[in-house]
Amino acid sequence: MKIIVLLKRVPDTEAKILINQEGTGIREDGVKFVINPHDEYGIEEGLKLREKLADGSKVTVVCAGPEEATEAIRTALAMGADDAVHVCDPKLADPNPFTVSEVLAKAIQAEGFDVIFCGKQAIDDDLAQVQSILAEKLDIPQVNNATAFEMAADCRSAKLSRRIEGGDEKIETSMPAIISCDKGLNEPRYASLPGIMKAKKKEIRKKSLADLGIAEVPGTGRSRVLKWLPLPKGGECRIVAAEETVDAVRELARLLREEAKVI
Amino acid sequence: MEWTFTDEQKMLKDMVKKFVDNEIRPVAEKIDKEKKIPRELINKMAELGFLGIAWPPEYGGSGMGETGYCIMQEEIGRGCASTATFIGAHQSIGSSGIYFFGTEEQKQKYLVPLAEGRKIGAYALTEPNAGSDAYNPQTTAEDKGDHYLVNGGKIFITNGSFADIFTTFVKTVGGPNDGKMSVLIVEKEFKGFKVGKIEEKMGIRGSETAELIFEDMKVPKENLLGREGRGLLVGMKVLNTGRLGLGAAALGAAKEALALSAAYSNERVQFGKKISQNQGVQWMLADMAVEIYNMESILYRTAWMYEQGMNITRESSIVKLYCSEALDRIVDKAMQIYGGYGFTCDFPIERMYRDSRINRIFEGTSEIQRMIIARDVLHAKNL
Chain A
1 MKIIVLLKRV
11 PDTEAKILIN
21 QEGTGIREDG
31 VKFVINPHDE
41 YGIEEGLKLR
51 EKLADGSKVT
61 VVCAGPEEAT
71 EAIRTALAMG
81 ADDAVHVCDP
91 KLADPNPFTV
101 SEVLAKAIQA
111 EGFDVIFCGK
121 QAIDDDLAQV
131 QSILAEKLDI
141 PQVNNATAFE
151 MAADCRSAKL
161 SRRIEGGDEK
171 IETSMPAIIS
181 CDKGLNEPRY
191 ASLPGIMKAK
201 KKEIRKKSLA
211 DLGIAEVPGT
221 GRSRVLKWLP
231 LPKGGECRIV
241 AAEETVDAVR
251 ELARLLREEA
261 KVI
Chain B
264 MEWTFTDEQK
274 MLKDMVKKFV
284 DNEIRPVAEK
294 IDKEKKIPRE
304 LINKMAELGF
314 LGIAWPPEYG
324 GSGMGETGYC
334 IMQEEIGRGC
344 ASTATFIGAH
354 QSIGSSGIYF
364 FGTEEQKQKY
374 LVPLAEGRKI
384 GAYALTEPNA
394 GSDAYNPQTT
404 AEDKGDHYLV
414 NGGKIFITNG
424 SFADIFTTFV
434 KTVGGPNDGK
444 MSVLIVEKEF
454 KGFKVGKIEE
464 KMGIRGSETA
474 ELIFEDMKVP
484 KENLLGREGR
494 GLLVGMKVLN
504 TGRLGLGAAA
514 LGAAKEALAL
524 SAAYSNERVQ
534 FGKKISQNQG
544 VQWMLADMAV
554 EIYNMESILY
564 RTAWMYEQGM
574 NITRESSIVK
584 LYCSEALDRI
594 VDKAMQIYGG
604 YGFTCDFPIE
614 RMYRDSRINR
624 IFEGTSEIQR
634 MIIARDVLHA
644 KNL
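Top line first, the protein sequences correspond to chains A and B.
The opening position of the first sequence corresponds to residue 1 in my numbering, with each subsequent residue numbered one higher.
The opening position of the second sequence corresponds to residue 264 in my numbering, with each subsequent residue numbered one higher.
Quick caveat, the hints were computed from the structure, so don't treat them as lab data.
Honestly, I wouldn't trust all of these hints.
In silico DSS-like pairs for lysine-lysine, Cα to Cα no more than 25 Å straight-line [said to hold, decoys possible]:
(1) K32/A with K280/B
(2) K202/A with K281/B
(3) K281/B with K200/A
(4) K273/B with K16/A
(5) K518/B with K16/A
(6) K16/A with K280/B
(7) K48/A with K280/B
(8) K16/A with K281/B
(9) K58/A with K207/A
(10) K280/B with K201/A
(11) K198/A with K370/B
(12) K276/B with K202/A
(13) K16/A with K370/B
Keep in mind the model is a prediction, meaning the values are calculated, not measured.
All chains should be modelled from the sequences, with the hints used to inform the complete structure.
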């Protein structure tokens, strides 16, 4: 079975994010990048499925991203993925979800696939669009925000759960399908130390758009980011104090009405 | 000159940091209070390859060498000094004698399970009358033909209460090496082996420190490590590298103390302003940062030298001496910045303060390190 896991390189959740001066993106100096945490659930699910099948199935990481994404890909290989495809092209400097989905679809079709796992969204732009567009392009079902996954014995369908308000939704889907993974699905493993040493010997197949037979950057103009703006600075905080609480409340009400004019 | 970690080393650092954040730091207080490192934690570290990180894969290790070991110990030292001490005793001093001096049979029998973490190692050198004068053991090993008959005991043995395999220093009695020091690989299963008193300690309370008692303990001849009467060589070689790991754990603790102090001084308000705005506090933070930069620089430079095959006797003593003393100054400043809160058990500073002190004592006191450094300075042609 060919198990595809999608990976996006994103800033570390602990990183302090600052918009660059031109408003075209974030300042990357000093920012650590990691595997999108939701994608880690996808990688883990792929590895678990491979271990359960134990029939020579392979887990292939597919990533569209800059040169520097290699580090995140290596980490996925250190966790145990077998190999990787890295679509890396200067033309992909500022992609929208259509672009990424088209590129990933081409790369995945070239690889062949039986199931695709990915995170429910990337923690940087929070768009959560790629899995749906990709499902459309590959003409396969999608199940989003999965919290449980079980492949049928014949591998032609799978049962899943999705956490919904007040309960779980049980779903069955035919295979192949694309599954976007949510917290609770599994506990992603750490890259073991021998895994880290083995990762450098695993193959990362670098592909340009031309390698995938893409002449024009797809999806250009469908949507684009105009500008990135920093949040407006928060106003001054004033503490209204008085001997008696009731006086403080009276003063606060007066300020809200007369100065802030909100009541 | 290039001064960066390799991709694998960076990945290792990230991975261990994540592991420490998730699995070690949250239980550090519990480890201290309960005076025990949970077996599940040891098992998890073993599965990930922590317990044999430095040794080559053919002996069950992860093949990341001394620099990899130091990177790991630095990160673990950030989370829990007791856990770092456990690993140091197990791997750096508890297994490296077998790696450096063991025969192929000894390596297969002992090093492989140690590296894979199926067995736990310890280093049994100190005795009641052999502390700084370490190479003068009174534990005797009498040559009985096919085995040694060992009598005596050891004290202050880290991991002593639960380790399986001990690199044990003895005085040879009888035969051509009468009176000379030798090293034996001792299993806890050997008849005549007994664990004695378990120490109550000021710091690194989660690391178990025990007395070992040997009563007519038979050790097979094939468990002699290195050559008979040449125990000094084993001891020196093992401690030379062990000192780097100790420096690494101290560096990690120092970085943690600085990070906590910086964060706290940005939160704590006195006289209507953050205490980080006081120059007195800023100077403390600056001095901590300077010492940390020194620690980091000498540690990884020396680890690199070691991996180039250079002699690091003087340098590893400098690393051990400087890192242990700098850490003590750093945790002291951290305590001062935290003030009364730092003195309470509600904040990690008091534990770090207690944990720090042993570094100036074990694996050779600061004074012994100065003796080693001075001896090398006085004898060196090239200063």
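Are the Cα atoms of K198/A and K370/B separated by 25 Å or less?
Cα-Cα ~23 Å, so holds.
Take the C-alpha atoms of K280/B and K201/A, compute the straight-line distance between them, and say whether it is at most 25 Å.
Judged against 25 Å, a Cα distance of about 24 Å means the pair holds.
Please work out if K202/A and K281/B have their alpha carbons no farther apart than 25 Å.
Holds - the C-alpha atoms of K281/B and K202/A are around 23 Å apart, at most 25 Å.
Is the hinted pair K276/B and K202/A satisfied, with a Cα-Cα distance of at most 25 Å?
20 Å, holds
Pair hint K16/A and K370/B, alpha-carbon separation not exceeding 25 Å:
48 Å, violated
Would the pair K281/B and K200/A pass a check requiring their Cα atoms to be no farther apart than 25 Å?
Given pair K281/B, K200/A holds - Cα atoms ~20 Å apart, limit 25 Å.
Given the proposed pairing of K273/B with K16/A, does the C-alpha separation stay at or below 25 Å?
20 Å, holds
Are the Cα atoms of K16/A and K281/B separated by 25 Å or less?
18 Å, holds
Run the distance test for K32/A versus K280/B: straight-line Cα separation, threshold 25 Å.
13 Å, holds
What's the verdict on K58/A and K207/A, does the C-alpha distance respect the 25 Å limit or exceed it?
20 Å, holds
Does the structure keep K16/A and K280/B at a Cα separation of 25 Å or less?
18 Å, holds
K518/B and K16/A: Cα distance at most 25 Å?
This hinted pair holds, its Cα atoms lying about 19 Å apart.
Checked against the numbered hints listed earlier, the structure breaks hint 13 alone; every other hint is satisfied.
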